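Q: As you go down the protein sequences, you meet chains A and B in turn. Heads up, the first sequence is in this note's numbering, so the first residue is 1 and it goes up one at a time. Heads up, the second sequence is in this note's numbering, so the first residue is 1 and it goes up one at a time.
Think of the hints as simulated: they come from the structure by calculation, not from any bench. Since the model is a prediction, treat every value here as computed from it, not as a measurement. Some clues are possibly wrong.
Residues from chain A shown here face chain B by an in silico Cβ test under 7 Å; the list is partial [claimed, not checked]:
1) Glu74
2) Ser181
3) Pro185
4) His189
5) Tyr193
6) Leu195
7) Cys199
8) Met218
We put the CB at the ideal spot given by N, CA and C, even for glycine.
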Amino acid sequence: MAPLSIIVTVKQVPDTNEVRIDPKTNSLMREGIPSILNPEDANAVEAALRLRDEHGGSVTAITMGPPQAEAVLEEVLCLGVDRAVLLSDRAFAGSDTLLTAFTLSRAVLKMKKFDLILCGRQAIDGDTAQVGPQLAAFLGIPQVTYAEEIVFSEGLFRIQRGLEHTRELVAARPPLLVTVSASGPVPRHGSLYALAAACSGEHIKRWGARELALPPSMLGLSASPTAVKKIFEPDRSVKGEAFEGSEKEMAAQLIVRLRETGCL
Amino acid sequence: MDFSFTRAQVLARDMARSFAQAELAPYAQQWDEQARFPAEAIAKMGPLGFMGMCIPREYGGSALDGVSYVLVIEELASVCASTAIIVSVHNSVGAYPIYLMGSDEQKTKYLPDLATGRKLGAFALTEPNVGSDPASIETSARSDGGFFILNGTKTFITSAGTSDTVIVMASTDRAQRGRGISAFIVEKSFPGITVGTHENKLGIRASDTCELIFENCRVPRANLLGPEGAGLRAALNALGFGRVGVAAQAIGVARCAMEAAVHYSRERNQFGKPIGSFQAIQWMIADMATEIEAARLLTLRAAKLKDEGRPFATEGSMAKLFASETAMRTATKAVQIHGGYGCMKDYVVERCFRDAKVIEIYEGTSEIQRLIISGSVIKK
Ligand SMILES: Cc1cc2nc3c(=O)[nH]c(=O)nc-3n(C[C@H](O)[C@H](O)[C@H](O)COP(=O)(O)OP(=O)(O)OC[C@H]3O[C@@H](n4cnc5c(N)ncnc54)[C@H](O)[C@@H]3O)c2cc1C
Numbered sequence: 001m002a003p004l005s006i007i008v009t010v011k012q013v014p015d016t017n018e019v020r021i022d023p024k025t026n027s028l029m030r031e032g033i034p035s036i037l038n039p040e041d042a043n044a045v046e047a048a049l050r051l052r053d054e055h056g057g058s059v060t061a062i063t064m065g066p067p068q069a070e071a072v073l074e075e076v077l078c079l080g081v082d083r084a085v086l087l088s089d090r091a092f093a094g095s096d097t098l099l100t101a102f103t104l105s106r107a108v109l110k111m112k113k114f115d116l117i118l119c120g121r122q123a124i125d126g127d128t129a130q131v132g133p134q135l136a137a138f139l140g141i142p143q144v145t146y147a148e149e150i151v152f153s154e155g156l157f158r159i160q161r162g163l164e165h166t167r168e169l170v171a172a173r174p175p176l177l178v179t180v181s182a183s184g185p186v187p188r189h190g191s192l193y194a195l196a197a198a199c200s201g202e203h204i205k206r207w208g209a210r211e212l213a214l215p216p217s218m219l220g221l222s223a224s225p226t227a228v229k230k231i232f233e234p235d236r237s238v239k240g241e242a243f244e245g246s247e248k249e250m251a252a253q254l255i256v257r258l259r260e261t262g263c264l
Numbered sequence: 001m002d003f004s005f006t007r008a009q010v011l012a013r014d015m016a017r018s019f020a021q022a023e024l025a026p027y028a029q030q031w032d033e034q035a036r037f038p039a040e041a042i043a044k045m046g047p048l049g050f051m052g053m054c055i056p057r058e059y060g061g062s063a064l065d066g067v068s069y070v071l072v073i074e075e076l077a078s079v080c081a082s083t084a085i086i087v088s089v090h091n092s093v094g095a096y097p098i099y100l101m102g103s104d105e106q107k108t109k110y111l112p113d114l115a116t117g118r119k120l121g122a123f124a125l126t127e128p129n130v131g132s133d134p135a136s137i138e139t140s141a142r143s144d145g146g147f148f149i150l151n152g153t154k155t156f157i158t159s160a161g162t163s164d165t166v167i168v169m170a171s172t173d174r175a176q177r178g179r180g181i182s183a184f185i186v187e188k189s190f191p192g193i194t195v196g197t198h199e200n201k202l203g204i205r206a207s208d209t210c211e212l213i214f215e216n217c218r219v220p221r222a223n224l225l226g227p228e229g230a231g232l233r234a235a236l237n238a239l240g241f242g243r244v245g246v247a248a249q250a251i252g253v254a255r256c257a258m259e260a261a262v263h264y265s266r267e268r269n270q271f272g273k274p275i276g277s278f279q280a281i282q283w284m285i286a287d288m289a290t291e292i293e294a295a296r297l298l299t300l301r302a303a304k305l306k307d308e309g310r311p312f313a314t315e316g317s318m319a320k321l322f323a324s325e326t327a328m329r330t331a332t333k334a335v336q337i338h339g340g341y342g343c344m345k346d347y348v349v350e351r352c353f354r355d356a357k358v359i360e361i362y363e364g365t366s367e368i369q370r371l372i373i374s375g376s377v378i379k380k
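Please build the complete structure, drawing on both the sequences and the hints.
A: This is how it looks when you write it as structure tokens:
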């Protein structure tokens, strides 16, 4: 059987367990917050590695971000990814999900043929879950979202999707894009054996706008149709209300209140 | 002077941290309580390179530098001090001496299994009557054709029960005292070896510490490690490096105790406010943080000297002395900050307190470190 060529997209995100919102500016306070590999991307990497380990082939990780995002590439190289690409350019700054997906799609097209693109379902900093599907759209390939399990046999990927109350089994032919959720395969531990090679820089390619031949009209903030208007912490305080009286009286009062508030 | 880490050093630390969180944290308390050897965790560490950190690639090691090595040991110890000492002993005095002094045949025969964790290493110097004064060891090795015949008892040997190979110090010439001691690579399967008492210890309880009894144990001449009579020097060299790992272990324990104390001082209210708002508590925490930082710098410096190929024995002793005593002081304060709860097994500081005490003793007591340090200072 032919070996699999797999691309997995990864993102460096602030550890949102530690992020606070600045009440004055309504922006994320990222100062001093450690950066981590987006958790669901780690599930996607694991899914990629398992498929490669079983069927042979290679896994290429790709990230778009500032130069220091190279750290997540070194991290996934330690997990066993074969090579990595860093898309970094000042001109990429301010890209929204659409432009990020577009830029990623150019990078994918620059690589040689692939069978499967794996993405984490969503990134914990933006929570949009848009980049994967948009990337599939730009490449004109089918997409399957919320994957928990992926197997490959007889030229077909069989994917188990985890939906709210059900599981769905989907079969698809390569090439396709799959987004992997947190209930996907549990990421393995990094290996100290891989450390030296991962940090040697030999396995990481760096591409900017020029290498991807991106026109200025498709770059960064000005070309991004989405703008964040405001970030705020929702008011989660809920006021309880207690009624008094007999059961009947309390029920009657409850019905009145529910009508008043438009619930009934 | 550059105090920043390389990316590889940071990644090594992060990998050890996430491994420790996933594979040690859920079980460390239980292992301690049941004095159970963390066999599953150790088995997982081999393929990840944790068991061959000081061994080059050609012999199956992951070939980390000394700085990465101490960062890794600190991370493991900050979650489970027992696992940290098993790993440290295996790497620094179980496997590394074979790389340093072994013949090509010995390296090829023993290192690949040790460095990949397929086999576990131990180091046996201490005897019932001999601890701090290793020149007086009584275990004897008598030459007999192609063999040495070992007789004697080693005591308090880390991983003695679980290990596959033990580097044993024995006297080939009693009259020569220190200069008559030789080192041997002894396979546990050699005839004439019995594992004696499994010690029931105060701390570091999940590490398996036992007696090893040699009764006419036949060790092939090919397993003499280094020249005959050079064993004590070899042992002291190995311990010199071992101590740097033990210092890192102490820092991990101290850090664990401090983090628990900081957390508790925020949660616990007395007199209507968190106890962390009292200056008495704040000052204890300030001292802990300062001493831990100082201990870490001493330890990293010893590791860095080793990486540069420079002598580091005195600095290693300083690191071991200061870090282990820091761990003890920090754990003591951390228990104090916890009040009565700190005496309960439900709180990690109770374990830190017991573990820290042991670290002041093995691989050379604090007194012996002071002896080494003063010796080197006064000689100058
Ligand atoms: C958990 C554990 C694991 C161990 N693992 C190993 C192992 O893997 N391999 C191994 O070989 N050993 C091991 N040991 C033994 C350990 O290294 C010794 O216990 C230690 O070196 C002290 O020796 P001792 O116990 O005989 O004490 P002693 O040497 O009898 O010392 C008793 C006291 O006298 C002090 N003292 C001794 N001489 C002097 C001096 N000249 N000046 C001032 N004070 C002095 C000591 O500091 C100590 O306070 C282990 C011990 C423990 C507790």
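Q: Which of the listed hints are not met by the structure?
A: 2, 3, 8
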